[in-house]
Amino acid sequence: MREKYMEIMHDYPFPEYLKKSIADELERIQADEETARKVIERCHEAYLRNLVEPGEAAGIVAAQSIGEPGTQMTMRTFHYAGVAEINVTLGLPRLIEILDVRKNPSTPMMTIKLLPEYAKDREKAREIANRLEATYITDIAEIVTDLRYMRVIVRPDEKALERKSLDREKLKKKIEKSLKIEVEEQNGEFVIQIEEPSYKKLMDTFDRLRRLVVSGIKEIRRVIIRREGDEYVLYTEGSNFKRVMKEKGVDFTRTVTNNIYEIYEVLGIEAARNAVINEAISTLEEQGLEVDRRHIMLVADVMTADGELKQIGRHGIAGEKQSILARAAFEMTVNNLLDAAVKGEFDRLNGITENIIVGQPIKLGTGDVELRVKLFTGGDK
Amino acid sequence: MIPKRIAGIRFEVLSPREIRKMSVVKIITPETYDDDGFPIEFGLMDPRLGVIDPGLKCRTCGGKAGECPGHFGHIELAAPVIHVGYAKLIARLLNATCSNSECGRILMKNEKRDKFIQRIEERKKLGQDYEDIVKEVFRVTKGVKKCPHCGADQMEVKFEKPTFYYENEHRLTPKDVRERLEKIADEDLPAFGMDPHAVRPEWMVLTVLPVPPVTVRPSIILETGQRSEDDLTHKLVDIIRINQRFMENKEAGAPQLILEDLWELLQYHVTTYLDNEVSGIPPARHRSGRPLKTLAQRLKGKEGRFRGSLSGKRVNFSARTVISPDPNLSINEVGVPQEIAEELTVPIFVTEKNIEEAREFILRDDHPRANYVIREDGRRIRVIETNREELAEKLEPGWIVERQLMDGDIVLFNRQPSLHRMSIMAHYVRVLPYKTFRLNPAVCPPYNADFDGDEMNLHVPQSLEAQAEAKILMAVQEHILSPRFGGPIIGGIHDHISGLYLLTRGEKLFSKAEVMEIIRPLDVVKLPEPKHDGKWSGKQIFSMILPDITIEFKAEICQGCKECKGVDCENDAYVFIKNGELVTGTIDEKAVGAFKGIIIDEIIRKYGNEETRKFIDNMTKLAIKAIMYTGFTVGIDDVDIPKEAREQIEQVILEAEERAWKLIEAYKQGNLEPMPGRSIEETLEMKIMQELGRARDMAGKIAGKYLGMDNAAVIMAVSGARGSMLNLTQMAACIGQQSVRGERIRRGYTYTNRTLSHFKPGDLGPEARGFVKSSYKDGLNPIEFFFHAVGGREGLVDTAVRTSQSGYLQRRLINALQDLKVDYDGTVKEQTSGLLIQFRYGQDGVDPMKSYRGKPVDVVRIIKEVVGSD
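Going line by line, the protein sequences match chains P and B. Take the first sequence: its letter number 361 is residue 366 in our numbering, and every next letter is one higher. Take the second sequence: its letter number 657 is residue 658 in our numbering, and every next letter is one higher.
Everything labelled a hint here was simulated from the structure, so no lab data went into it. Since the structure is predicted, the reported quantities are computational estimates derived from the model, not experimental observations. Every residue gets a Cβ at the ideal spot worked out from N, C-alpha and C, and that includes glycine. Treat the hints with caution; some may be incorrect.
Taking lysine-lysine pairs in the DSS-like style, the calculated list, with each CA pair at most 30 Å apart, reads [stated by the list, open to error]: (1) Lys778(B) / Lys702(B); (2) Lys24(P) / Lys607(B); (3) Lys125(B) / Lys108(P); (4) Lys368(P) / Lys303(B); (5) Lys368(P) / Lys126(B); (6) Lys294(B) / Lys176(B); (7) Lys555(B) / Lys25(P); (8) Lys162(B) / Lys143(B); (9) Lys147(B) / Lys126(B); (10) Lys205(P) / Lys118(P); (11) Lys24(P) / Lys555(B); (12) Lys597(B) / Lys865(B); (13) Lys644(B) / Lys597(B); (14) Lys303(B) / Lys315(P); (15) Lys108(P) / Lys223(P); (16) Lys315(P) / Lys830(B); (17) Lys108(P) / Lys159(B); (18) Lys251(P) / Lys223(P); (19) Lys9(P) / Lys851(B); (20) Lys182(P) / Lys205(P); (21) Lys24(P) / Lys147(B).
DEER-style ranges, computed between Cβ atoms [to be verified]: (22) Val802(B) / Lys379(P): 46 to 52 Å; (23) Lys126(B) / Glu12(P): 20 to 26 Å; (24) Val525(B) / Glu12(P): 47 to 53 Å; (25) Asp115(B) / Leu184(P): 47 to 53 Å; (26) Arg6(B) / Arg54(P): 31 to 37 Å; (27) Gly293(P) / Asn580(B): 45 to 51 Å; (28) Arg231(P) / Lys669(B): 26 to 32 Å; (29) Leu376(P) / Ile29(B): 29 to 35 Å; (30) His533(B) / Arg231(P): 23 to 29 Å; (31) Ser102(B) / Tyr204(P): 52 to 58 Å; (32) Glu275(P) / Val316(B): 43 to 49 Å.
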């Protein structure tokens with residue numbers, strides 16, 4: 006029957022997902038063709054009735070619909086729903102972060118799905134996790150400074166090395182490569198001799214060693230493995246989308262980060278748009294606030310309209326407004342006016358703020374339509 | 002008549018010539034008024050600059066105060082000074098152009114320059130920002146050592162804020178700067194992002210200063226009779242004084258050093274005149290020590306010209322007072338105090354058809370009478386007893402009669418903060434005694450109002466168009482559905498919910514007399530047949546106000562049983578309405594509440610706004626009658642629990658504390674296993690929190706069990722009227738753990754590592770870390786009280802921070818999105834740039850408000866209707 010329903014709906018201007026849900030419902034009640042036709046016709050009427058009216062101030066409604074619940078949101082960071090181990094910024098600060106397009110969000114996080122051959126096996130998942138997680142020397146060895154001989158000594162911990170599937174040779178090479186100094190091995194310890202006897206140089210080396218990432222990705226501070234349904238999923242604190250996607254065993258088609266800017270750089274503007282929508286919706290939902298998807302989509306579309314991810318605010322959309330008066334009324338009044346004068350800019354008064362300022366009706370809603378009356382001239386009847 | 006529209010506004014820099022041209026007088030003396038209080042000619046208050054005193058006439062245009070817009074004058078500066086606003090740009094220009102006094106060209110070959118100009122032009126055409134290209138030009142030219150045009154060596158000009166330039170440690174005077182800028186070729190300007198038609202670089206060094214008309218800087222007369230001049234006038238006086246001194250000294254041939262000092266002083270005064278918040282120099286101050294508000298300060302910020310006077314204005318025909326509830330009003334009405342109604346007016350535009358009506362208002366001597374008449378020439382005459390007859394006599398078409406506000410008028414009602422469009426809605430006036438605005442409590446949610454002292458504003462639309470728009474677009478019933486989520490935002494609150502809950506719960510029976518009493522305020526005209534031998538059930542009474550709808554859903558009180566028994570629910574929590582008849586179930590928040598109200602949602606989709614309005618009106622009145630009939634009260638004895646319950650609770654808490662101590666013991670001995678990815682300390686904290694949280698929940702359950710379902714407070718909590726079971730738990734059983742940032746309280750005496758001096762250092766026990774055992778009713782001991790205050794403060798700080806942050810977010814969102822409009826073709830476009838944002842609004846073109854909670858069509862209901870009708 007489903008095909009039949011879809012066939013009837015073929016010429017109706019419904020969006021695809023609506024067609025599907027109508028078909029689903031019809032299937033549920035096992036409707037015959039006549040009822041189906043009736044239902045679809047009624048749906049069509051309802052659909053046309055529910056369309057937006059031309060002239061609607063869609064932007065303002067969207068802005069209000071997102072801004073108004075802002076007052077009801079919390080300010081605290083909470084644990085991520087499901088993964089108690091990872092802290093994630095939520096509520097108002099997160100929403101602001103999303104709309105500001107911060108390049109470095111306060112709590113970047115990734116959800117990494119694995120390829121089938123890795124996803125089922127905890128050991129294999131663990132192995133990938135080890136490859137991703139940033140391991141510092143301090144995690145696998147003890148570092149000591151020896152002031153007398155002006156040297157730094159690294160004492161690897163065999164157990165920890167094994168746990169991170171590393172060996173001494175690799176560690177040694179890594180140190181040599183990053184410090185560009187020969188490392189001597191003396192009864193199980195690595196000795197790094199400082200060339201010139203200077204205390205500052207010693208501490209410098211010590212600090213550099215401490216910050217040295219032996220294996221894994223620097224940004225990925227922690228990886229947590231969780232079983233979800235019948236597969237293992239990795240959650241990470243910190244994010245490096247590009248490098249994780251390249252990692253063997255990672256199913257990059259299902260791997261996401263909450264750092265929107267990274268998505269924009271790696272996958273492009275369309276993906277960034279979807280990321281903005283998804284992140285904003287999940288932030289609002291988590292707070293128990295109902296906001297229609299369409300409002301958030303509009304915001305995301307404005308932010309991404311000309312192919313660049315632009316923030317809501319002075320350095321983004323509001324700052325690039327065509328109208329001088331609108332910009333002056335928003336922020337940095339004096340600078341905007343001075344710059345406009347030098348550039349010889351011309352304000353065409355098409356927007357809202359400009360027309361309010363000069364005292365004209367705005368071109369939105371009822372202000373956008375004009376009425377002409379045809380006078381009755383045919384005598385009295 | 003099609004109103005005139007301004008096509009646009011061009012911004013340019015004033016040239017000295019233009020300044021002199023528009024000037025009506027050259028100001029030469031710093032004095033303002035002479036001893037008799039008359040303005041001195043050629044002074045800052047020269048009568049040719051306009052008038053501010055009523056009665057006088059402008060010497061330039063002859064207009065009276067209020068008519069004459071004022072006229073500019075000018076000051077001839079004895080020496081050029083830098084315009085602070087352009088100081089940075091000047092510095093860039095100096096570095097980007099040849100310093101050779103013969104050359105002055107851009108430090109770049111013509112071809113290269115043209116390429117840059119072309120790129121800028123392209124961006125301009127696309128309506129895009131070209132600031133980055135201009136920056137590149139300045140960067141490229143700054144490094145050039147030799148002029149490619151004349152071959153002269155270039156030296157770097159160092160810019161020192163706010164207005165100083167040095168070349169090779171040698172100070173460039175504004176005069177030098179101006180001479181260099183004069184040499185810059187017009188053809189080079191576009192490369193710097195400048196328009197040669199709008200500006201010449203040398204105009205950024207001032208030689209003539211425009212003096213704004215007196216209307217811009219009116220002086221006020223204090224009670225003492227003294228004149229107090231505007232800040233701008235003060236500053237201009239300073240400028241003229243220094244200017245004169247400089248001239249005198251120059252003529253007298255004073256030493257260069259003194260002249261330079263004076264020049265710098267002149268620069269200082271002109272700088273602060275333009276902007277008194279420039280970094281690097283002290284702001285000019287008033288005699289009292291208050292910094293002066295000069296030009297930039299007048300424009301800037303929230304109270305500045307742009308945001309304070311142009312984007313937002315103060316209005317007439319408005320009123321503000323405290324609000325209070327009145328369930329007997331319809332939701333689209335507002336009670337207006339008589340006193341306010343007598344002050345506010347609605348214009349009647351007199352025509353032949355309504356002249357008699359208008360005349361009557363003029364002749365009346367009590368409430369709805371005329372306050373003013375406006376003659377055709379625009380003169381406004383107050384209607385008083387003595388001139389009433391005369392005015393009524395003279396009244397003719399074309400006049401406007403301003404009559405007092407009366408019942409049935411449409412007004413706009415608003416509560417700040419106006420966060421969404423439902424914050425301003427149109428109500429019909431009901432003139433009532435007393436001094437507060439009255440509104441139906443069902444409209445509180447959209448305004449987010451309560452009656453603890455809230456005030457609201459009322460505006461009277463003054464044109465027929467505005468009134469029509471208010472009635473059709475802004476009336477309350479047009480906003481029952483919120484565009485935010487496509488569900489009702491207006492609905493029952495508090496007592497409406499408990500009232501209907503009491504009425505419809507179970508099978509309460511009412512005699513005819515009782516029914517008549519309850520339904521008396523409703524517009525129910527026919528009593529249905531009694532169903533229960535001569536008596537009516539509460540469900541039947543509720544059904545009387547229901548239109549013909551069929552719907553079933555689980556009520557708020559639903560316990561969420563594993564298997565729903567549907568209409569046979571023991572809890573009476575399954576609502577089934579058949580053809581407008583409540584068959585089973587209890588009406589509660591889920592049925593009629595604001596935000597949730599499924600019944601309201603159903604009615605509005607099926608019967609529209611007007612019917613829904615009537616239902617809400619009836620529903621609120623019925624609920625109030627019902628709750629008054631049974632009586633409903635909450636007191637402290639509502640949270641009394643029997644002794645055995647208290648003992649049980651105590652036991653539960655004691656056990657939990659013991660377990661917490663055991664955890665601490667295990668931690669101290671190092672036996673605690675850390676949770677994955679957490680430190681041992683964090684694990685301990687989490688486990689203790691869990692343990693104590695569970696204890697409080699248990700205590701709550703015990704308390705809840707003993708309180709019973711007939712307890713008024715419990716009724717409110719379960720029906721969703723007010724409060725929650727958690728609130729009750731805290732009142733009756735145990736308040737629970739206090740927290741700061743989601744952690745137990747641990748700050749305090751950091752150096753001894755304890756929260757209070759009552760505890761041993763390092764004490765990790767529940768008591769020492771903010772666990773409050775007592776209930777609110779029992780009262781808190783001093784230590785508990787302190788911790789409670791600590792936890793409570795976080796909430797207060799949070800709210801304070803949040804309001805400012807979300808306010809700014811909203812402002813930015815509005816600013817970014819305000820120019821979006823849905824076009825006739827269903828696309829969404831940005832109006833100023835014409836940028837296409839969406840091909841189809843929301844991808845499906847559906848209005849979120851009309852959508853069924855986001856879905857474009859409510860398929861289930863349509864199927865039900867179609868199948869049901871067969």
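Tested hints:
For the proposed pair Lys778(B) and Lys702(B), the alpha carbon gap of about 17 Å is at most 30 Å, so the pair holds. Between Lys24(P) and Lys607(B) the alpha-carbon distance is near 22 Å, which keeps this suggested pair within the 30 Å criterion. For the hint linking Lys125(B) to Lys108(P), the alpha-carbon distance of about 28 Å falls within 30 Å, and the restraint holds. Restraint check for Lys368(P) and Lys303(B): the C-alpha separation of about 25 Å stays at or below 30 Å, so the hint holds.
The straight-line distance between the Cα atoms of Lys368(P) and Lys126(B) is roughly 23 Å, inside the 30 Å bound, and the hint therefore holds. With a C-alpha separation of about 28 Å, the suggested pair Lys294(B) and Lys176(B) falls inside the 30 Å cut-off, and the hint holds. Restraint check for Lys555(B) and Lys25(P): satisfied, since their Cα atoms lie roughly 27 Å apart, inside the 30 Å limit. Between the alpha carbons of Lys162(B) and Lys143(B) the distance comes to roughly 19 Å, so the proposed pair stays at or under 30 Å and holds.
For the hint pairing Lys147(B) with Lys126(B), the CA-to-CA distance comes to about 34 Å; that exceeds 30 Å, so the pair is violated. Note on Lys205(P) and Lys118(P): the hinted pairing is violated, with a Cα-Cα distance of about 45 Å set against a maximum of 30 Å. With a CA separation close to 28 Å, the supplied pair Lys24(P) and Lys555(B) stays within the 30 Å bound. Distance restraint check for Lys597(B) and Lys865(B): the Cα-Cα separation of roughly 22 Å lies within the 30 Å cut-off, and the hinted pair is therefore satisfied.
Under the criterion of a C-alpha separation no larger than 30 Å, the hint pairing Lys644(B) with Lys597(B) is inconsistent with the structure, at around 39 Å. Taking the CA atoms of Lys303(B) and Lys315(P), the gap is about 25 Å. The hint holds against a cut of 30 Å. The suggested pairing of Lys108(P) with Lys223(P) holds, with an alpha-carbon distance near 17 Å, which does not exceed 30 Å. Taken as a hint, the Lys315(P) and Lys830(B) pair is honoured in the structure, with Cα atoms around 17 Å apart against an allowance of 30 Å.
The straight-line distance between the Cα atoms of Lys108(P) and Lys159(B) is roughly 34 Å, outside the 30 Å bound, and the hint therefore fails. Distance check on the hinted pair: Lys251(P) and Lys223(P) sit about 15 Å apart at the alpha-carbon level, within 30 Å; holds. Distance hint between Lys9(P) and Lys851(B) is fulfilled; the C-alpha atoms sit about 29 Å from each other, no more than 30 Å. A hinted pair counts as satisfied when its Cα atoms are at most 30 Å apart, and Lys182(P) with Lys205(P) qualifies at roughly 21 Å.
Distance restraint check for Lys24(P) and Lys147(B): the Cα-Cα separation of roughly 71 Å exceeds the 30 Å cut-off, and the hinted pair is therefore not satisfied. Val802(B) and Lys379(P) have their C-beta atoms about 59 Å apart, which leaves the hinted 46 to 52 Å range violated. Between Lys126(B) and Glu12(P) the C-beta distance comes to about 49 Å, which lies outside the given range of 20 to 26 Å. About 49 Å separates the C-beta atoms of Val525(B) and Glu12(P), a value consistent with the hinted range of 47 to 53 Å.
The beta-carbon spacing between Asp115(B) and Leu184(P), approximately 52 Å, falls within the hinted interval of 47 to 53 Å. Distance hint check for Arg6(B) and Arg54(P): the Cβ-Cβ separation is about 34 Å, which falls inside the suggested range of 31 to 37 Å. Here the CB-CB span from Gly293(P) to Asn580(B) is close to 35 Å, at odds with the stated 45 to 51 Å. At about 31 Å, the beta-carbon gap between Arg231(P) and Lys669(B) stays in the expected band of 26 to 32 Å.
A hinted range of 29 to 35 Å is violated for the C-beta pair Leu376(P) and Ile29(B), which are about 56 Å apart. Look at His533(B) against Arg231(P): about 58 Å separates their beta carbons, and that is not inside 23 to 29 Å. The given range of 52 to 58 Å is respected by Ser102(B) and Tyr204(P), whose C-beta atoms sit roughly 57 Å from each other. Taking 43 to 49 Å as the suggested C-beta distance range, the pair Glu275(P) and Val316(B) conforms, at roughly 46 Å.
Checked against the numbered hints given earlier, the structure breaks hints 9, 10, 13, 17, 21, 22, 23, 27, 29, 30 and satisfies all the rest.
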